[in-house]
Amino acid sequence: MSKEITSRATDYAQWYNDLVLKGGLADYSAVRGCMIIKPYGFALWEKMRDALDEMFKETGHENAYFPLFIPKSFLSREAAHVEGFAKECAVVTHYRLKNDPDGNGIIVDPEAKLDEELIVRPTSETIIWNTYKTWIQSYRDLPLLINQWANVVRWEMRTRLFLRTTEFLWQEGHTAHASSEEAMAETLTMLNVYADFAENYMAVPVIRGVKSPSERFAGAIDTYCIEALMQDGKALQAGTSHFLGQNFAKAFDVKFSDRENKLDYVWATSWGVSTRLVGALVMAHSDDDGLILPPKIAPVQVVIIPIYKGTEQKEMLDGKGKELALQLKNAGMRVKFDNNDNNRPGWKFAQYELKGVPIRIAMGVRDLENQTLEVARRDTKEKIAIPLEDISARVNGLLKEIQDQMFQKALDFRDNHISRADTWEEFERLLDEKGGFISAHWDGTAESEEAIKEKTKATLRCIPLNNPAEVGVCILSGKPSTQRVLFARAY
230 MSKEITSRAT DYAQWYNDLV LKGGLADYSA VRGCMIIKPY GFALWEKMRD ALDEMFKETG
290 HENAYFPLFI PKSFLSREAA HVEGFAKECA VVTHYRLKND PDGNGIIVDP EAKLDEELIV
350 RPTSETIIWN TYKTWIQSYR DLPLLINQWA NVVRWEMRTR LFLRTTEFLW QEGHTAHASS
410 EEAMAETLTM LNVYADFAEN YMAVPVIRGV KSPSERFAGA IDTYCIEALM QDGKALQAGT
470 SHFLGQNFAK AFDVKFSDRE NKLDYVWATS WGVSTRLVGA LVMAHSDDDG LILPPKIAPV
530 QVVIIPIYKG TEQKEMLDGK GKELALQLKN AGMRVKFDNN DNNRPGWKFA QYELKGVPIR
590 IAMGVRDLEN QTLEVARRDT KEKIAIPLED ISARVNGLLK EIQDQMFQKA LDFRDNHISR
650 ADTWEEFERL LDEKGGFISA HWDGTAESEE AIKEKTKATL RCIPLNNPAE VGVCILSGKP
710 STQRVLFARA Y
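Residue numbers for the sequence shown follow my numbering, so the first one is 230 and each next one is one higher.
Incorrect hints may have been included.
As the list claims (entries may be wrong) - In silico lysine-lysine, BS3-like type, Cα no more than 27 Å apart, as pairs:
1) 558 - 267
2) 551 - 525
3) 276 - 525
4) 479 - 491
5) 525 - 251
6) 491 - 276
7) 565 - 577
8) 276 - 463
9) 525 - 491
10) 267 - 251
11) 663 - 565
12) 525 - 577
13) 362 - 286
14) 549 - 612
15) 558 - 484
16) 708 - 682
17) 577 - 551
18) 551 - 610
19) 638 - 612
Bear in mind the hints are in silico, worked out from the structure with no lab data behind them.
Fair warning: this is a prediction, and the values are worked out from it, not measured in the lab.
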């Protein structure tokens, strides 16, 4: 099975595509730039979605759903917002088809033109804030904490499965508050929720930071982000949380009466993560033999594979395997007992290795006679003999150990790939030879930021939160700088 996968050292991009396709996560579709998420990939997304949804609800948020279509006039009300998304929008202009009178199939009915074009949502701030105008009148209606699970469309010219597709799945939170301080607290709360999820569920360490003005979300006052590092030394933005100030409230005239009965515009946030997280998971942990999934979000945590000869052994192992699967399920694990006799055990071993199942248990007649089972870890490929009587507790403990060690391995890699550069020559050399995050001084200007990007293809990923003050000079311009920021080549 591993021979079908391109090695990371040979072609990292092809390795990634091989894992996504051969690991059964996704497939290409007939629609350019759009992907089909296959059952195994969707099961992984569901585990992510369910964990995040619970975290959102624990912080007081509720789910709702808003229309897929946005009137064009809504998008134009916030100037920075429309400028940021105008080139990515799919536009609906007609509402009916008809048979071509010349017999050439189906054509758009020219008489069915919409009075106002509809935008297929690239994000939902505009239609949500138009709605909030009718929902909010008083401070008693605040805070309004809404989340939406949905699909969005952003017309992309160059696409990659999960990482950048024309249509993708995500969640988008949209909240309204009575004060700037409350909205800012919400922005940082959700940033920390994302960081907590990435580190404690995905086992991916992240850096919390704020984007430069050039990299802000269109229409935001500030954009906060979590940045992760992939195994090829490139960064990936894994989630964003935006402090929107009163921009959208003013654009849609959303006011509230405060406790002194004075009218004011409400304060807003928005925040989101998408199926891009599946791509991050693949690139952060997997190896040349396939996926490696952290136990907390693996669709299957344990697979049991019977090894037998003849009908009698198969029937005996079927019964014992089902008993063990039920025992492990009752202990809180997601278990699959694969007694499908269409494939040999060796093929199954390779298949579940490719799919990244954290633990594999081989069960043979001799194993049962000895009351000991062979347990194999996907992450380290270590095999352990575990007494049958201890199997539930030991496997549960092993899953936790795998989760913790996967995070530590990724953290060590990330920390070993944060380098300091004090000169332009050192900056370029580190980017080319080592990759990862480069901590360097920047003069704070968009001109220097753009020039660095043009010269090296490295972008300013973030200004880390709680960044220490440090006097220095910009690596490019030589102008004064008061702090280091993180640059990296990125997805």
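Hints, one by one, checked against the model:
1. 558 - 267: holds (24 Å)
2. 551 - 525: holds (23 Å)
3. 276 - 525: Roughly 8 Å separates the two Cα atoms, so the pair holds.
4. 479 - 491: holds (16 Å)
5. 525 - 251: holds (22 Å)
6. 491 - 276: violated (45 Å)
7. 565 - 577: holds (12 Å)
8. 276 - 463: holds (26 Å)
9. 525 - 491: Roughly 49 Å between the alpha carbons, so the hint for residue 525 and residue 491 is violated.
10. 267 - 251: holds (11 Å)
11. 663 - 565: With a Cα-Cα distance of about 41 Å, the restraint between residue 663 and residue 565 is violated, given a limit of 27 Å.
12. 525 - 577: The given pair, whose Cα atoms are some 22 Å apart, holds under the 27 Å limit.
13. 362 - 286: At roughly 24 Å apart (the allowed maximum being 27 Å), residue 286 and residue 362 satisfy the hint.
14. 549 - 612: Cα-Cα ~21 Å, so holds.
15. 558 - 484: violated (52 Å)
16. 708 - 682: Distance ~18 Å between residue 708 and residue 682 Cα, so the pair holds.
17. 577 - 551: holds (17 Å)
18. 551 - 610: holds (25 Å)
19. 638 - 612: Holds - the C-alpha atoms of residue 612 and residue 638 are around 19 Å apart, at most 27 Å.
In summary, the numbered hints that this structure violates are 6, 9, 11 and 15.
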